[in-house]
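Using my numbering, the first residue of the sequence shown is number 624, and each one after it goes up by one.
These are computed hints drawn from the structure, not numbers from a lab. One should not assume that every hint holds.
[What the hints assert, rightly or not] Distance ranges between label pairs, derived from CB positions: (1) A726 to N764: 20 to 28 Å; (2) N752 to T780: 16 to 24 Å; (3) A819 to V747: 31 to 39 Å; (4) F746 to N690: 26 to 34 Å.
Note that the structure is predicted; figures quoted are calculated from it, not measured. C-beta: ideal position from N, C-alpha, C; glycine also.
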Amino acid sequence: MNMARFANAVRQQARMASAHEALPRLATISSYDASNHAVKVIVQPVDPEIGEQESNWMPLGAIGIGNGWGIAVGPQINDQVLVVYENGDFSSGVIVSRVFSVAQQPPAVPTGEIWALHSSGSFVKMVTNGDIDVNVAGNLNATVGGNMASTVAGSATVTATGSATISAASAVVQAASIKLQSAGNALQKLLNSLFAQWASTHVHSNGNGGANTGAPTTPPPASGQTSIVQAE
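From just these sequences and the hints, can you work out the full model?
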């Protein structure tokens, strides 16, 4: 046997051996076990003579993993995935990626941007100009176990169409100027009323012989120095 025939024989034997190995396949998710981050799938396309055949449980790949932590996205039934088989064993499948399809269209993410989108409409987008755009369709809940610091190089605006509450054991507000505004002038009316009452009733010690009088013998009302405004 010459070398060419020998090489062809080797290739033929290799093809025959690999025919019994399972190659990577596209499939759709049919079941999901959230506790183990595992799924069952139906390999596509379905053989019409056999019908749909559900696989055994197989691990669902993740971007980052740890012992009880990581980056995990719960799949939906009928998500399209790519399955590979360890050592070609059809019973040892692993999901290595999820693949958009005609039935599940991808979002049009511009080059270089990173988007995390939710079906509710919430999203986090890292866009090309360096901005981070966030939209929360429901509530935004944040719990900080330690301290929190926020530094803004430009201006900062917080707007609430409803009420706003800030609670703390103590609070310090520092600024070159502070303007407190109330739509109904409730704060201004309160302070003016208290000051007018104090101004009309307070007295000074006698200056004697035309000298300057002393400080008011009646201090400003303590109720006018509230937790909202207090002069130092």
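Going through the hints against the structure:
The hinted window of 20 to 28 Å between A726 and N764 is violated, with their beta carbons roughly 33 Å apart. The given range of 16 to 24 Å is respected by N752 and T780, whose C-beta atoms sit roughly 20 Å from each other. The beta-carbon spacing between A819 and V747, approximately 53 Å, falls outside the hinted interval of 31 to 39 Å. Separation of F746 from N690 is about 30 Å and conforms to the stated range, judged on CB atoms against 26 to 34 Å.
Comparing the model with each numbered hint stated earlier shows that hints 1, 3 do not hold.
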